[in-house]
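Sequence order for the protein chains is A, B and C. All letters in the first sequence, in the order written, are residues 3 to 501 by my numbering. All letters in the second sequence, in the order written, are residues 50 to 319 by my numbering. All letters in the third sequence, in the order written, are residues 45 to 353 by my numbering.
Please keep in mind that the hints were generated in silico from the structure rather than gathered at the bench. Please note: incorrect hints may appear among the correct ones.
To be verified - Sample of chain C residues lacking proximity to chain B, with all beta carbon distances greater than 12 angstroms (derived):
id, residue
1, His-115
2, Trp-116
3, Leu-181
4, Ile-198
What the hints assert, rightly or not - Straight line, CA to CA, 27 angstroms or less: simulated DSSO-like cross-link-like pairs of lysine-lysine:
id, chain 1, residue 1, chain 2, residue 2
5, A, Lys-187, A, Lys-478
6, A, Lys-478, B, Lys-97
7, A, Lys-320, B, Lys-97
Stated by the list, open to error - Heads up, incomplete: computed chain A residues facing chain B, CB under 8 angstroms, no partners named:
id, residue
8, Glu-213
9, Ala-233
10, Ser-234
11, Gly-239
12, Gly-283
13, Ala-287
14, Arg-290
15, Pro-353
16, Leu-360
17, Ala-363
18, Val-364
19, Glu-366
20, Thr-380
Just so you know, even glycine gets a beta-carbon here, dropped at the ideal spot from N, CA and C.
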Amino acid sequence: MKHTLAFLAAALIATALPAQADDTLDVVAQFEIQSPEPSTTGYIFTRMGITETLTHADPQGVLTPGLATDWTADGDGLSWTFTLRDGVRFHDGTAMTAEAVAAALDIARTKPGPLAKTPITAIKAMDGAVVITLSDPFAALPAYLAHFSAQILAPAAYGAEDAGVTVIGTGPYKITDLAPPLSLKAEAFDGYWGPAPHVPNVRYSAVSRVETRALMAESGDADFVFGLDPASVARLGLSDAVTVHSVAIPRVLLIKVNADHPALSEPEARRALSLAIDREGIARAVLRYPEGATQLFPPSVGAWHNDSLVPLAHDPGKAKELLQGLGWTMGGDGILTRNGERFALTLTTYPDRPELPLVAAVLEQQFRAIGAELTINTTNSSEISAGHADGSLDLGLIARNFGLIPNPVGTILSDYAPTGDWGAMGWQNDEITDLARSVGRGDGGAPARARITEILQTELPIIPIAWYRQTLAVAKGVEGAVIDPWERTFGLPELRLSQ
Amino acid sequence: MTDAVMIPRRAGHALRWTGAALVAASLILAVVGPLAVPGDPLAQSLTKALSGPEPAAPLGYDHLGRSIFHRLAAALRLSPAIAIAAVLTAGLAGLVLGTWAAARGGWTDRILTMLADALLALPGLLLVLMVLAIVPGTAPGFWAGLSLVLWVEFFRLTRAATRAVLASPAVQATRLLGFGPVYVFRTHIWPEIAPMMLTAAAFGTATAIMAIAALGFVHVGMRAPTPELGLMMVELLPYWREAPLALLSPVMATFALLLGLTLLAGSRDT
Amino acid sequence: MNTLVTRGIQALMVAVLIGAATFAMMRALPGDAAYRIAAGRYGYDNVDTAAADAVRDELGLDGPALPALLHWLGDLLRLDFGNSLVSGQPVIAEIGHQLGASLSLAAVAVVLSLIMGPPLGILAGLRPGGLLDRGLLVVSTGLKAVPQFLMALILILILSVQFRLLPAAGYGAARHFILPALALALGLAAVNARIARDAMARIGAMPFYSFAQWKGLSRRQALLHHGLRNVSVPLLTYLGLQFVTLVEGVVVVEAIFGWPGIGHALVHAIFSRDVPMVQGTALCLGLGFVLINTAIDLLTARIDPRRAA
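Construct all of the structure, not just a fragment, from the sequences and the given hints.
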């Protein structure tokens, strides 16, 4: 009994202490740590500054030197040389050699991920450089090497069958304790090649519930809270204890449409659905964003945003006319029918991003207003992919990342040239495939990009709804926080604790 | 731990009546409410999001501009409906199997008891979660899972009481007189177990409603936009500062309903 | 001895039941397991058919059912729980990781409930019908009707959001224990208090207890020597039964507070179709329950030798 009382007393005293009485920065986000495997959990390691890639990207998407200081392609574009940075050490003290880099990249491209989709034929270690040979010219290659799955780990990090067993990276922070699925601790790595980070210790905690994350930010139990829901952003904005950051990112909330579905095969039908959506209302009331999407790419992705496109509009009357023109007639229950078929669709979505089910609920009402019946299926995100593969998906409400690599052409290639699990379904357009490949090769420029966005806007194989904003709450006293629109890093090395 | 020791009989009666009144009140809200103030639990008007009460929506609007009153009424129909369906199924199964086990004895009895004991060793929520993952559809999944959890209690009660009754001289006399098992069940067994069954049913209903709400609250139960008590709470939690009444409505309703059922069941602590 | 045999059979039944149920889950879960596992591994930005195919090849998810079931149960009997489908780590290692967190939370909750409940119950039981007794009845009835998730919600709203006294989530420091443990403990304490009160009232009314006072023991001595021992028997029995409620509570409360324990892992495993993890965690919870009840059987037999017969 005495021990218990002592414990309780200790607990109460601990409670009274302020949350941030140490030199550890508490980072909280929704992502759970699976294992030390870079192809699955690697994005947490890169964001936390534990591992690095050959190339990095600035907020505008311009590639900057990472572990490679320079890269060039030879004349026919089939061979790329990446000059490696001198004096880089892994966290186990060994030097980063060209052999180690080549081996890490070779392992990375055998695993599922963007690298597997590049035309790489071989990766060779040379003197202070790696040489990557391709079967086809591919100008976007350096951007692919900025993807987290291309992170460079020491040879000792891999076990049997090339699975990641420990995380031995080169970043400014070095893991001291990895406890999947919920936490990791790291300290500043004294052998780092760049400037030493200001905060000596960082801790990452995965908190999957957005309500809880917001509460942790509010109560000061975490210093750096990533991914907040719209309501919490509004609430935390009023708080003195935290600063809320919000930045437009190349991620788009959109409806993936099965163009093989009898009700959705005509472009007019897809346009009618698009006209039924009140994007402005969804943006302001549900997402609490300043604006709704008017096309696929937000203005922040300058090279792909196309000012000459006619903006996507809200016009239910026009939508009904379009559907009438396709032979749909209003049934007694307010749902359209054609040849005995009801205009009834299932919208599949997933709760990982809290705003998706909310937007789905709004869409259900807005589609009903033009006579389309929507059943919402909120399930695991994998059902989108599975439904794409077996053709059972009608509509999918998804948040698609066009910044998987810091160049949207990567996503365009995998989603629309010709189809993709998270892009076009049952819709093929030879012109867009050719154009996307030419942009990927490097010989298609602004006109090709403009034409791609124009085709997507008129054919609507996917229906854009809103441009995402990434949100972050930072405790007062933490300075220098910046959101990376490409979602590659938390920017921890630049943070300072002012106390 | 019988009521007689715990609470004076009059107080016990008063508690039960309070319980009945609370349950009745929530059911009246659920059934009569939408008749008195017509409205749609799913209809949204985004411009009214989180605004306060008005005649068409006596409890105000939620974050999507849906009437909380009508969502609450729908939720108060949904959970009890699933719960009662599960309790009826479980009660019937428990009654039949329990009487059967007690009457037959031997291996029938042993196997059924072993199965019941094994199920008793599994947390109910775990079973419901697993059944939900196997059965397609959330409401049928809840019904099946909860029935599987709840039958054990009815089975054990019935079996114990039936064994005692069957061994009594009165039943042996009845049997000697040539009356069949149905007669024995009606005149001897049922009167003995009926009060216990009602108590167990009230507890079972409360358990079922709690399970549905708890799983809804952690996002593994009913799915949006279905109005469900736990789901409503978790949806409205982020808006606590802006619209406290919106969150308090499902919280108070759930508490009243569960308190009512607990009181109705009488005090029984295990 | 008899107790041990019965409990042994119960444990075996639990294991077979969970083995069969998780196998059925593996086969019958709606949707394609490979996709769901791939989503768990690679995240929603990267799940696609290629990733799912890689998972399918690695795990051999295509195959006839019957040999798979036999293989499954065979592994189970050899206590080989396999590897988590999502993380690739051995299930047993992951559970070892999480069990500590869950047990410490459950232990703190039980201790808290025992500090709050029984003392109040005994005081109330000493004077049945008194003010304390009636007040306790109202409070405990109210608390019993509040499910743990609702308790958690109310505690978060009051202590965390409104007054900012305690963290709403987190793990590691002592202050992280308070809210989740309290959410579990209040419901347990409500029932503990009632049981202690009933037992005390019953014992207080018994002739031997009056005799103890009559022979000259003070109230305090009578309570310590004769009261507490007799009150502890129903309390212990009850605690064993209450373990199931506690475990259910742990599942929900861990999910709400982001507590890295078995309950959290179980909900997650069910979500991402990580069947070996489901099986491991479910077995752990079920067998844990049987084990605790066996211990309690033996313990009550110690305290109250009449029951040992």
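Here's how the hints hold up against the structure:
1. His-115: holds (20 angstroms)
2. Trp-116: The claim stands: C/Trp-116 keeps its Cβ more than 12 angstroms from every Cβ of chain B (closest is about 15 angstroms).
3. Leu-181: violated (7 angstroms)
4. Ile-198: violated (7 angstroms)
5. A/Lys-187 - A/Lys-478: Holds: A/Lys-187 and A/Lys-478 sit about 22 angstroms apart, inside 27 angstroms.
6. A/Lys-478 - B/Lys-97: violated (34 angstroms)
7. A/Lys-320 - B/Lys-97: holds (25 angstroms)
8. Glu-213: For A/Glu-213, the interface hint holds, since the closest Cβ of chain B sits about 5 angstroms away, which is under 8 angstroms.
9. Ala-233: holds (4 angstroms)
10. Ser-234: With a closest approach of 5 angstroms, the A/Ser-234 hint holds.
11. Gly-239: Constraint on A/Gly-239 not satisfied, violated at 11 angstroms.
12. Gly-283: holds (5 angstroms)
13. Ala-287: holds (4 angstroms)
14. Arg-290: violated (10 angstroms)
15. Pro-353: holds (6 angstroms)
16. Leu-360: Holds - the Cβ of A/Leu-360 comes within 8 angstroms of chain B, reaching about 7 angstroms at its closest.
17. Ala-363: Holds - the Cβ of A/Ala-363 comes within 8 angstroms of chain B, reaching about 4 angstroms at its closest.
18. Val-364: With a closest approach of 6 angstroms, the A/Val-364 hint holds.
19. Glu-366: holds (7 angstroms)
20. Thr-380: Given a least distance of 5 angstroms, the restraint on A/Thr-380 holds.
The earlier numbered hints that this structure contradicts are 3, 4, 6, 11, 14.
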